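Chemist: Please arrange chains W, V, G, B, R and E on chain L, whose structure you already have, making use of the hints.
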Amino acid sequence: MKLVPLGDRVVIKQLEAKETTKSGIVLPNQAQEKPQEAEVVAVGPGGMVDGKEVKMQVKVGDKIIYSKYAGTDVKLNLDEEYIIVKQSDILAIVE
Amino acid sequence: MKLVPLGDRVVIKQLEAKETTKSGIVLPNQAQEKPQEAEVVAVGPGGMVDGKEVKMQVKVGDKIIYSKYAGTDVKLNLDEEYIIVKQSDILAIVE
Amino acid sequence: MKLVPLGDRVVIKQLEAKETTKSGIVLPNQAQEKPQEAEVVAVGPGGMVDGKEVKMQVKVGDKIIYSKYAGTDVKLNLDEEYIIVKQSDILAIVE
Amino acid sequence: MKLVPLGDRVVIKQLEAKETTKSGIVLPNQAQEKPQEAEVVAVGPGGMVDGKEVKMQVKVGDKIIYSKYAGTDVKLNLDEEYIIVKQSDILAIVE
Amino acid sequence: MKLVPLGDRVVIKQLEAKETTKSGIVLPNQAQEKPQEAEVVAVGPGGMVDGKEVKMQVKVGDKIIYSKYAGTDVKLNLDEEYIIVKQSDILAIVE
Amino acid sequence: MKLVPLGDRVVIKQLEAKETTKSGIVLPNQAQEKPQEAEVVAVGPGGMVDGKEVKMQVKVGDKIIYSKYAGTDVKLNLDEEYIIVKQSDILAIVE
Amino acid sequence: MKLVPLGDRVVIKQLEAKETTKSGIVLPNQAQEKPQEAEVVAVGPGGMVDGKEVKMQVKVGDKIIYSKYAGTDVKLNLDEEYIIVKQSDILAIVE
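These protein sequences, in sequence, are chains L, W, V, G, B, R and E.
Under my numbering, the letters of the first sequence match residues 1 to 95, in that order.
Under my numbering, the letters of the second sequence match residues 1 to 95, in that order.
Under my numbering, the letters of the third sequence match residues 1 to 95, in that order.
Under my numbering, the letters of the fourth sequence match residues 1 to 95, in that order.
Under my numbering, the letters of the fifth sequence match residues 1 to 95, in that order.
Under my numbering, the letters of the sixth sequence match residues 1 to 95, in that order.
Under my numbering, the letters of the seventh sequence match residues 1 to 95, in that order.
Bound-form chain L, shown alone:
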């Protein structure tokens, strides 16, 4: 059972906030908020979305930073939590 996003949507999975590791990305002054780093799990086909041609620029496995408050939380198979965002809510890829 898996999620196949439509249009310019992307299914992402939030990464655990490793507050004490050197490479963790956390928001300054907002330690209590959810971290915005996530991994791409599934990518929509892009194409014409709301009358505009969208080309997908992320791929499965990318680590990304996404816009806070964006997206819809979804729980699959009772214990798998995902977030569905539009690609335009993805700010940057972390390499």
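Just so you know, the hints here were simulated from the structure itself, not pulled from any lab data.
Computed from a prediction, not measured in an experiment: that's the story for all the values here.
Incorrect hints may appear among the rest.
Here are the simulated lysine to any residue pairs, SDA-like style, with alpha carbons at most 20 Å apart [what the hints assert, rightly or not]: (1) E/68 with E/94; (2) G/52 with B/56; (3) G/75 with B/89; (4) V/55 with G/2; (5) R/59 with B/48; (6) V/63 with W/80; (7) V/86 with G/89; (8) B/52 with E/94; (9) G/2 with B/55; (10) B/55 with V/50.
Modeler: Leaving out everything else, chains W, V, G, B, R and E in the frame of chain L:
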């Protein structure tokens, strides 16, 4: 008696929330809200909608996840409840 | 004396809510609100509307479901009540 | 002295509400509001309006129904009252 | 010293409200508000404005009626007061 | 050290309000507000801005009137104050 | 570990406000607010963004002034703070 949606609209039927099954999709922390999983019952023809070309990407029988608060509730034949949404309110297909 | 709608507008006449018949469409939990089923009485020519090409998809006699809160109530010949909606406010045809 | 409307604007003159005649159009439950029936007095040239091609569909002498709250009241020659609306605020022609 | 408006802007000069003359245009029930009749003093070149082609339809000397609340008041040479409006705020020419 | 504006932006420098001179432009009834007359200091290249082709119409040295509340104040070299506005916030050139 | 911005986004790093140096840019009357001068750290590819062709005009190393309140704060490797803005939030390059 059946519903034939116009433009980019899709008639969906909410799936029963099976809270205790392994494959049920429920929203985390929102057990009291209606689940967002539904089955596609009828699909509009797409085409020019609000001046934009829309190609329909879902088909009858698809299990889908749709955006909360989207759509209009309609009751047909007294006991059949449907929701009419725009395709852009459908986030992903569940396979 | 009759109404000839402009652009993408459609004149509809609300159907009586037959709450006890098997085929009546009523809104669940909103028995006190007006039913959203109506019959098409007159259809505008479509064409360029607000800079967008609109093709009319309903015809006189169609039973339709329309978006709540949409449209303008008009009374003709003192006792005939109509509603003027844009075609985009029509959700589905009931067949 | 007369008004020559620009673009897609139309000068209309409100018809007297004949509440007791058989052919008067009044808004149901809103007897105290102004009736929405009016006669077209002058029609703008149409053409490019706000970047969109507009073709005028009403002509001088047409009886029309217009959208409540639309338009600007203007008084000419002290005692002639007109309303200037955009054509898109005209819902239907009454024939 | 004079004002040269940019784009689709028009410099207008309000006409004195001649409340008692036969040809004065005043707003009904709003005698205390400023009259909306003005004379065109300078006209912008039109052309591409906000991505849309605008053709100027008024000329210097035209008596016009403009939309209330539109425009910016400007005082030139201490005692000359003008208003700068966009052409789309001009409703009609008075002939 | 100087400012090079991007896109359709213009760097302007407010002119001193010469309230008592014959040629000063001040806002009527708003003597306490900042005057809207300024001199153009730098002009962006124009071109595609937000998907629309913009051609710059002001040049360095132009005296202009700009829309109140528009623009961002910037201080350069501690004592030079500038305002960065979009060209569409410039109402007219004063000649 | 580095940030690769998508679309028309730009990663910037705020410059220290040198309030007492001659070349520091600070906002007048807002000494307590963060200075708006920053250095470009990474630039997105541009291209089609929200249906519009965007050509990137800043490059890594540019000193820029950006619109207050714009952008998202991100912390990388625990102690490196960046801001991700859209290029349209960049007002000017400081040369």
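Chemist: Which of the numbered hints are not met once you compare them with the structure shown?
Modeler: Hints 4, 8 and 9 not satisfied by this model.
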